[in-house]
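**Student:** Modelling step: build the complete structure from the supplied sequences, incorporating the hints.
Residue numbers (the working numbering), protein chains in the order written: chain A, 1 to 210; chain B, 1001 to 1240.
Hints in this document: simulated from the structure, not taken from any laboratory.
Each residue gets a CB set at the ideal place from its N, CA and C atoms; glycine is no exception.
There may be inaccurate statements among the hints.
Said to hold, decoys possible - Straight line, CA to CA, 27 angstroms or less: simulated BS3-like cross-link-like pairs of lysine-lysine: (1) A:LYS139 x B:LYS1021; (2) A:LYS138 x B:LYS1128; (3) A:LYS162 x B:LYS1002; (4) B:LYS1139 x A:LYS76; (5) B:LYS1007 x A:LYS139; (6) A:LYS165 x B:LYS1021; (7) B:LYS1128 x B:LYS1139; (8) B:LYS1172 x A:LYS139; (9) A:LYS139 x A:LYS98; (10) B:LYS1007 x A:LYS138; (11) A:LYS162 x B:LYS1021; (12) A:LYS138 x B:LYS1156.
As the list claims (entries may be wrong) - Negatives, chain B to chain A, calculated, CB over 12 angstroms: (13) PRO1005; (14) CYS1008; (15) LYS1021; (16) ALA1060; (17) PHE1061; (18) GLU1090; (19) ASP1134; (20) LEU1145; (21) GLU1150; (22) ASP1180; (23) ARG1203; (24) SER1206; (25) LEU1216.
As a plain string of letters, each chain reads:
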Amino acid sequence: MSHSLHRNGTEENLQNDYTFYARASRWVNREGCGPKLRKILEIILSEKPVNFGSSQAGKNAKAGLDPAEYAKTLDKAYGVACCFSDKKSIKSALVKLKEADTGISIVTGGLIDEIVAIAEEIGIKPHTAFLSLGIHGKKALLPEAQVLEMTTMCGHGLVSFKLSKAVIKKVQSGEMSPEEGATLLAQPCPCGIFNSDRCEALLQQCQKKE
Amino acid sequence: MKIDPEKCISCLECIDYCPMKCILEGEEATYMDQDECVECGVCLRAAVCPTEAIYMPEEAFQYPRSIRREFSDPAVQYPTLKQGGRGTEEMKTNDVTGRYRRGEYGMALEFGRPGTGTRISEIEKVLKVLLKMDVEVEKSNPVFLLLKDEATGEMKPEVLNEKVLSAILEFKITENQLEDAVNTLRPVLAEVDTVVSWGLATRFASDGTLPVRSRLAQIGLPARPNAKINMGMGRPIVEA
Ligand code: SF4
Ligand code: SF4
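**Tutor:** Here you go:
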């Protein structure tokens, strides 16, 4: 999932957008990792993520994935993914994970300086960063920034530009509320890292621009 | 993916869901442009079709078309690598694998992201250049299953025109190679007929900083303010 890496947005609207991924390594600790992943799922659920999901389960919470159903898939999976929309929750989840010491790798996405500060506050040492050096190539193929800010929340690219544009239009015309629009746009992203809270806020901005 | 014209009632509910904009309005029924469809499965999973007219045809599983689905649908596991994902574990598990050590940078070029898709021919253009550079190209990446010649980067001719939602080239450089690698790749990337999202993996320095950020700013390729960070909670940890 370099898919949580290239979320588009401004420093301002990327605040309160945190992705979370626990990943067992094929080479080190994947064998029998199911119970540990379930423990991790239990911890993140206790902190009320905005959304969660997995490609193994085939859908995310906003599309109706039941946590118990998700937990069952974890014997055959190698990760747990979700997103949070407030600093307190992600911080608290990390504290609980530190205590649980499962040994599974944890990757957190968000504003670099914020994540580093959280790590410092709770006494963990970040190991490696994956930085985004932006988009290159034929940028004429890309839509306007407000569309990209929404669609790149599904890093696999499963939320289409067209759907995002259609939702923006419906929200602006009053046919759909920002909340309904955000829930609809979250559907195609099975990993559940599409942050519908952030999407709702972005749609509210579009309403104001109209 | 295909639409059964006998079942389709042209309600157009499915059209907006397609990331490749390849579901089109026809005279009798809605249809998919097969050349542009990457078999990502979004239209089917959206379950918006009132008549269940959308279906995955046999051709989607036949090589070379089968690679579309394998690279585009996150639910599909690679038959050979059995790891899922368009790339590898890269830095997600670096705390336990030590794949990228201090003094090294990992690089990932994600073709077709965000949201445009890519022909395999576009990846070949850049891979040919990469293999001439003195860098360590990651060969366990699924793209390598498509190669005809590992030394030159020439792809199998039958896959060149296949379109996928995204595919990733990964490689490793030493810290000293940063400027050279960036200067060589920038003009090549500017010429490809798709978009490429560029990522760089780096260890945190022992004082908890990321010195590469200022180097990147100096060479005019600043890192975005957001990133993904391996929190160092894997065990046993690789410290180097
Ligand atoms: S499978 Fe994907 S690319 Fe093909 S028609 Fe459906 S949504 Fe579009
Ligand atoms: S949703 Fe189904 S019936 Fe409606 S246009 Fe698409 S394929 Fe046809």
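**Student:** Hint by hint, note whether the structure agrees.
**Tutor:** Hints, verified against the model:
Annotation: proposed proximity of A:LYS139 to B:LYS1021 holds, straight-line Cα distance about 17 angstroms (limit 27 angstroms). Pair hint A:LYS138 plus B:LYS1128 holds up; C-alpha atoms about 19 angstroms apart against a cutoff of 27 angstroms. Distance restraint check for A:LYS162 and B:LYS1002: the Cα-Cα separation of roughly 19 angstroms lies within the 27 angstroms cut-off, and the hinted pair is therefore satisfied. With a C-alpha separation of about 25 angstroms, the suggested pair B:LYS1139 and A:LYS76 falls inside the 27 angstroms cut-off, and the hint holds.
The straight-line distance between the Cα atoms of B:LYS1007 and A:LYS139 is roughly 38 angstroms, outside the 27 angstroms bound, and the hint therefore fails. Annotation: proposed proximity of A:LYS165 to B:LYS1021 holds, straight-line Cα distance about 12 angstroms (limit 27 angstroms). The suggested pairing of B:LYS1128 with B:LYS1139 holds, with an alpha-carbon distance near 14 angstroms, which does not exceed 27 angstroms. Simply put, B:LYS1172 and A:LYS139 have alpha-carbon atoms about 26 angstroms apart, close enough for the 27 angstroms limit, and the pair holds.
In summary, the hint linking A:LYS139 to A:LYS98 is not supported, as the alpha carbons are separated by about 41 angstroms, beyond the 27 angstroms threshold. For the hint pairing B:LYS1007 with A:LYS138, the CA-to-CA distance comes to about 38 angstroms; that exceeds 27 angstroms, so the pair is violated. A hinted pair counts as satisfied when its Cα atoms are at most 27 angstroms apart, and A:LYS162 with B:LYS1021 qualifies at roughly 7 angstroms. Proposed proximity of A:LYS138 and B:LYS1156 is supported: the alpha carbons are some 24 angstroms apart, at most 27 angstroms.
At roughly 22 angstroms, the least C-beta separation between B:PRO1005 and chain A is larger than 12 angstroms, which holds for a residue marked as non-interface. At roughly 19 angstroms, the least C-beta separation between B:CYS1008 and chain A is larger than 12 angstroms, which holds for a residue marked as non-interface. Annotated as non-interface, B:LYS1021 brings its C-beta within 12 angstroms of a C-beta of chain A; the closest such distance is 6 angstroms. Chain A leaves B:ALA1060 outside its interface by the beta-carbon criterion, the shortest separation being 17 angstroms against a cut-off of 12 angstroms.
Once the 12 angstroms rule is applied to beta carbons, B:PHE1061 is consistent with being away from chain A; the minimum gap is 18 angstroms. The beta carbon of B:GLU1090 sits about 7 angstroms from the closest Cβ of chain A, which is not more than 12 angstroms, so the claim that it is off the interface is violated. Listed as a non-interface residue, B:ASP1134 keeps its Cβ farther than 12 angstroms from every Cβ of chain A; the least gap is roughly 20 angstroms. Remark: the non-interface label on B:LEU1145 is consistent with the geometry, its nearest Cβ contact in chain A lying 17 angstroms away (cut-off 12 angstroms).
Every beta carbon of chain A lies more than 12 angstroms from that of B:GLU1150, the smallest distance being close to 22 angstroms; the non-interface claim holds. No beta-carbon of chain A is positioned within 12 angstroms of the beta-carbon of B:ASP1180; the least distance is around 15 angstroms. With a least CB separation of 5 angstroms from chain A, B:ARG1203 falls inside the 12 angstroms interface cut-off, contrary to its annotation. Not every C-beta of chain A lies more than 12 angstroms from that of B:SER1206, the closest at about 9 angstroms, which undercuts listing it as non-interface.
Distance to chain A contradicts B:LEU1216 as a non-interface residue, since its nearest Cβ pair spans about 7 angstroms, not more than 12 angstroms.
The structure fails hints 5, 9, 10, 15, 18, 23, 24 and 25 (numbered hints given earlier, in ascending order).
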